[in-house]
Amino acid sequence: MNDQTKIDQDRAERTEKLQGMGCKRKRVEDVRFTQGKGSYVDDLKLPGMLFGDFVRSPHAHARIKSIDTSRAKALPGVVAVLTAADLKPLGLHYMPTLAGDVQAVLAEEKVLFQNQEVAFVIAEDRYIASDATELVDVEYEALPCIVDPFKSMLPDAPILREDIQDKMEGAHGPRKHPNHIFEWKIGDKEATDAVFANADVTIKEMLVDHRTHPSPLETCQSVASFDKVKGELTLWGTFQAPHVIRTVVSLISGLPEHKIHVIAPDIGGGFGNKVGAYAGYVCSVVGSIVLGVPVKWVEDRMENLSATSFARDYHMTTELAATKDGRIQAMRVHVLADHGAFDACADPSKWPAGFMNICTGSYDIPTAHLAVDGVYTNKASGGVAYRCSFRVTEAAFAIERAVELLAQKLGMDAAELRIKNFIKPEQFPYQSALGWEYDSGDYHTAMKKAMDTIGYTELREEQAKKREAFKRGETRELMGIGISFFTEIVGAGPAKNCDILGIAMFDSAEIRIHPTGSVIARMGTKSQGQGHETTYAQIIATEIGIPADDIMVEEGNTDTAPYGLGTYGSRSTPVAGAATAVAARKIKAKAQMIAAHMMEVHEGDLEWDVDRFRVKGLPEKFKTMKEIAWAAYNAPPPNMEPGLEAVNYYEPPNMTYPFGAYFCVMDIDVDTGVAKTRRFYALDDCGTRINPMIIEGQVHGGLTEAFACAMGQEIRYDEQGNVMGASFMDFFLPTAVETPHWETDHTVTPSPHHPIGAKGVGESPHVGGVPCFSNAVNDAYAFLGAGHIQMPHDAWRLWTVGEKLGLHT
Amino acid sequence: MTKSHIELTINGKKVEALVEPRTLLIHFLREQQNLTGAHIGCDTGHCGACTVDMDDMSVKSCMTFAVQAHGTEITTIEGVAHADGTLSALQEGFRMMHGLQCGFCTPGMILRAHRLLQENPTPTEDEIRHGISGNLCRCTGYVNIVKSIQYAAAKINGTPFQEAAE
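Protein sequences appear in the order of chains R and P. Residues in the first sequence are numbered from 1 upward in steps of one, following this note's numbering. Residues in the second sequence are numbered from 1 upward in steps of one, following this note's numbering.
Be aware that a few hints might be false.
[Unchecked claim] When the alpha-carbon atoms are kept at most 27 Å apart in a straight line, the in silico DSSO-like pairs for lysine-lysine are as follows:
| no. | chain 1 | residue 1 | chain 2 | residue 2 |
| --- | --- | --- | --- | --- |
| 1 | P | Lys-155 | R | Lys-24 |
| 2 | R | Lys-471 | R | Lys-449 |
| 3 | R | Lys-324 | R | Lys-204 |
| 4 | R | Lys-471 | R | Lys-409 |
| 5 | R | Lys-26 | P | Lys-155 |
| 6 | R | Lys-45 | P | Lys-155 |
| 7 | P | Lys-155 | R | Lys-37 |
| 8 | R | Lys-465 | R | Lys-424 |
| 9 | R | Lys-230 | R | Lys-466 |
| 10 | P | Lys-13 | R | Lys-37 |
| 11 | P | Lys-13 | R | Lys-45 |
| 12 | P | Lys-13 | P | Lys-3 |
| 13 | R | Lys-37 | P | Lys-14 |
| 14 | R | Lys-420 | P | Lys-155 |
| 15 | R | Lys-466 | R | Lys-448 |
| 16 | R | Lys-586 | R | Lys-621 |
| 17 | R | Lys-73 | P | Lys-3 |
| 18 | R | Lys-420 | R | Lys-449 |
[Claimed, not checked] To give an idea of the interface, some chain R residues facing chain P are shown, with a C-beta separation under 7 Å as derived from the structure:
| no. | residue |
| --- | --- |
| 19 | Phe-33 |
| 20 | Gly-36 |
| 21 | Pro-216 |
| 22 | Pro-265 |
| 23 | Gly-268 |
| 24 | Asp-300 |
| 25 | Thr-704 |
| 26 | Leu-733 |
Hint data in this document are derived by calculation from the structure and do not stem from the laboratory. Backbone N, C-alpha and C define an ideal beta-carbon position, used for all residues, glycine too.
Extracted from the complex, chain R is given alone in its bound form:
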């Protein structure tokens, strides 16, 4: 073995020991989770703790004539019953939403959706609380309700929000009707209309991204404990954004923020459901302040699905204009957005329709216009980003379905049309017609790799043969090939664009090296299963050369973690991950000065080598990070503060733009409507990859949620506003049996502005997956002249497609 080989081998061994970026490090979280030792909110038990439960409205729209709590209060074990009358003197019967609206905590004069919170019973245990909810007598006068958003703004529509009916200037500009929330427009309308007027080919379709729900397996819950003597409130809860919750609690309760301790312990999945503030959180806080003992609130599944934030419900009139040979010239979209009874979207303040203006997708479309109208209906409020950055799944669905419809009209192959219109590698950073600057991408390479791997040409040949066989009556099976080439926009965001309640959407990391060279690091984000304790440690390990196993990552305690905006919209890696790298580099810079002092050389004479600084040209002369850490506390250079720690609040210069090429092969039994996914291939480009094992896991999970949304999951209402199927009996969550096998692949196009080039991946598979499944279904029926088939594509609905086409004899 020669010297260089020895050096390389030594370096490789030291690198491996770090378990840093790029390795499939096993998760540190799993040690406790596999032993049932996670600590979730409902696991918390405090002395004297009481339990709260809601009385909910059976009506979608009704006036409250009277509330009589006397029978409930008389039940042994019941301690208190709160109604709007109790909250009103405190100014807490309404709370602000993140979207600039207000939302009833407990209904005052009217209820506006079924299962809306009307009273909060506090009792000694959850059984008594539940019993007592049955004993609260509420007299209602039912009112006509609005379920169909297209009827919200009719001249004779009943006015839903009487509390704001005179306030015709909303948070996002003038309101056109008492049931109108906002109109949001972007792009050049005149230019777009002109292109459409003169286009060779146009398509126009109403694409519905239906109402669904993120439904993490753990529902929303909280425990509030108010210490009357200290005047301090501790609030444990299922919070994807614990610091924001602390600020909101302070603003609405008047308690000083330093006397509020918000703690998000382990969270059993979030997917956007746990970003906003809910009536249960407020009522547990009020209950504890009033009673001076801890109050727990845990919603059940039916409450979760029917009362906390839904997702989607976007009705998108989508148009494309193109030349005869398939060059897309313009896009025009109008969205009718059903927000339910209150506007409780969890978007950055300036973005009432989230980042819907990413709807030009992966294509170089020179001209575009987007208009969104938000309306109130008698349904639960929300509109949260369900495993996606704000409204990005909706945007990807619009463009990826529209491109397919255009391909069909042009008689062109759908993959070929996409490639023809892709933004070219040399166009990055790319300025989109609707205002975004895409940071980086190489779409052609990704698409080619995906098509080669899946055997696209052969699949189309097989499909052509099958279609002929179907026409000849030799098979009753339809084969569909779904394609989706999506571009996401994640990592909100630059302060100039993005804030929540006026707080810029930065994120943060604080890293402290102990004298013995072990580390504690805290971030402003909050994992709900993404594995932050594992991956942030990998970033630090690579940056400062301390093994990941010696680095403890902590999030969720707002007393100890630096302020951050939380985890949603795939922002943890792009923002807090960047903060982590920058903070680590500050530590490394100080360590270099200490090392120089220790070895009595000039800083510039040192070079970094995996886990140590060594003297250039003298590799045997070095100090490891561990040795430097000890020196930092015991023998720092003169005039240098002792210690070795750093904080970074990272304000991203731009968002990141992950992308991917997805292919789905589906076989549908035309007589039963049962669709079987034969193959699903997902190529993701999320820039630099921190932990390939975790990325693959994120992709699997996101695809499964996409499969659910596209193929059956739905929150549906009848005409009276009764929510249909708010339990796991009816709400489709795929089991291991229905869930397809997932094939994953990747290309790597680093983000040029991110310190480690990472873009974020947790939501891409959902964003790209939904249109891919829908395209597969639509492609299967396309040659029969089915037109656009709306989601969700469950067997019953697909059977009706066959029925309408006269395919059943």
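With chain R's structure known, arrange chain P on it following the hints.
Quick look at chain P alone, frame taken from chain R:
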């Protein structure tokens, strides 16, 4: 409400308690016995987060009254690790194969897989998928849960386990 006296064995330990007849087993385990590993995900028996092993059967403890557990032997996730504190083959399998993310379904999933492997020590992939179809996971997409169970089966049977290539 009148309480009933129950005696049962939980994770090898004899337990006596007074419970209301309507107390669900999951609440008895979590709140009276402080065994918070099993979770409540749906309240309707669909999700399986509350799965425990009762007299050699997988039981959804949110659909079982505590009084029904009288005289039975129950194993919860807290009783799955080896006596010396090392992880069982299944617990190790879930960690090695990334068979969990948020961890909320994991205790129920591992208990179900534990019973499945008792019933069928060498299940095929299809048998595993059907065998765990009463347990929902929102995070993993099941591919790695299947691998985790295959890993454990191989370890228990002393047969080689080959992770499929990505």
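For each hint, the structure was consulted:
1. This hinted pair checks out: Lys-155 (chain P) and Lys-24 (chain R) have alpha carbons roughly 21 Å apart, not beyond 27 Å.
2. With a C-alpha separation of about 33 Å, the suggested pair Lys-471 (chain R) and Lys-449 (chain R) falls outside the 27 Å cut-off, and the hint is violated.
3. As the CA atoms of Lys-324 (chain R) and Lys-204 (chain R) are separated by approximately 16 Å, the hinted pair is consistent with the 27 Å bound.
4. For the hint linking Lys-471 (chain R) to Lys-409 (chain R), the alpha-carbon distance of about 21 Å falls within 27 Å, and the restraint holds.
5. For the given pair, Lys-26 (chain R) sits about 18 Å from Lys-155 (chain P) by alpha-carbon distance, which is consistent with the 27 Å threshold.
6. The straight-line distance between the Cα atoms of Lys-45 (chain R) and Lys-155 (chain P) is roughly 38 Å, outside the 27 Å bound, and the hint therefore fails.
7. Restraint check: the Cα-Cα separation between Lys-155 (chain P) and Lys-37 (chain R) comes to about 24 Å, which is no more than 27 Å; the hinted pair holds.
8. For the given pair, Lys-465 (chain R) sits about 34 Å from Lys-424 (chain R) by alpha-carbon distance, which is inconsistent with the 27 Å threshold.
9. Straight-line distance between C-alpha atoms of Lys-230 (chain R) and Lys-466 (chain R) comes to about 74 Å, which puts the hinted pair past the 27 Å bound.
10. At most 27 Å may separate the alpha-carbon atoms for a hinted pair to count; Lys-13 (chain P) and Lys-37 (chain R) meet this at roughly 19 Å.
11. Between the alpha carbons of Lys-13 (chain P) and Lys-45 (chain R) the distance comes to roughly 23 Å, so the proposed pair stays at or under 27 Å and holds.
12. For the hint pairing Lys-13 (chain P) with Lys-3 (chain P), the CA-to-CA distance comes to about 22 Å; that is within 27 Å, so the pair holds.
13. Distance restraint check for Lys-37 (chain R) and Lys-14 (chain P): the Cα-Cα separation of roughly 22 Å lies within the 27 Å cut-off, and the hinted pair is therefore satisfied.
14. With a CA separation close to 51 Å, the supplied pair Lys-420 (chain R) and Lys-155 (chain P) exceeds the 27 Å bound.
15. Annotation: proposed proximity of Lys-466 (chain R) to Lys-448 (chain R) holds, straight-line Cα distance about 25 Å (limit 27 Å).
16. Restraint check for Lys-586 (chain R) and Lys-621 (chain R): satisfied, since their Cα atoms lie roughly 23 Å apart, inside the 27 Å limit.
17. Distance hint between Lys-73 (chain R) and Lys-3 (chain P) is fulfilled; the C-alpha atoms sit about 23 Å from each other, no more than 27 Å.
18. A C-alpha spacing of about 16 Å is found between Lys-420 (chain R) and Lys-449 (chain R), which places the hinted pair at or below 27 Å, so the restraint holds.
19. Among the interface hints, the one on Phe-33 (chain R) holds; its C-beta lies about 3 Å from the nearest C-beta in chain P, closer than the 7 Å criterion.
20. Given hint, Gly-36 (chain R) at the interface with chain P, holds; its Cβ is 2 Å from that chain's nearest Cβ, closer than 7 Å.
21. At its closest, the beta carbon of Pro-216 (chain R) sits 6 Å from a beta carbon of chain P; the interface hint therefore holds under the 7 Å criterion.
22. Taken as an interface hint, Pro-265 (chain R) does not check out: its beta carbon lies about 11 Å from the nearest beta carbon of chain P, beyond 7 Å.
23. Given hint, Gly-268 (chain R) at the interface with chain P, holds; its Cβ is 3 Å from that chain's nearest Cβ, closer than 7 Å.
24. Checking Asp-300 (chain R) against chain P: minimum C-beta separation of about 5 Å stays under 7 Å; hint holds.
25. The closest approach between the C-beta of Thr-704 (chain R) and any C-beta of chain P is roughly 4 Å, which is under the 7 Å cut-off, so the hint is satisfied.
26. Hint on Leu-733 (chain R) holds. Least Cβ distance to chain P is approximately 5 Å, under the 7 Å limit.
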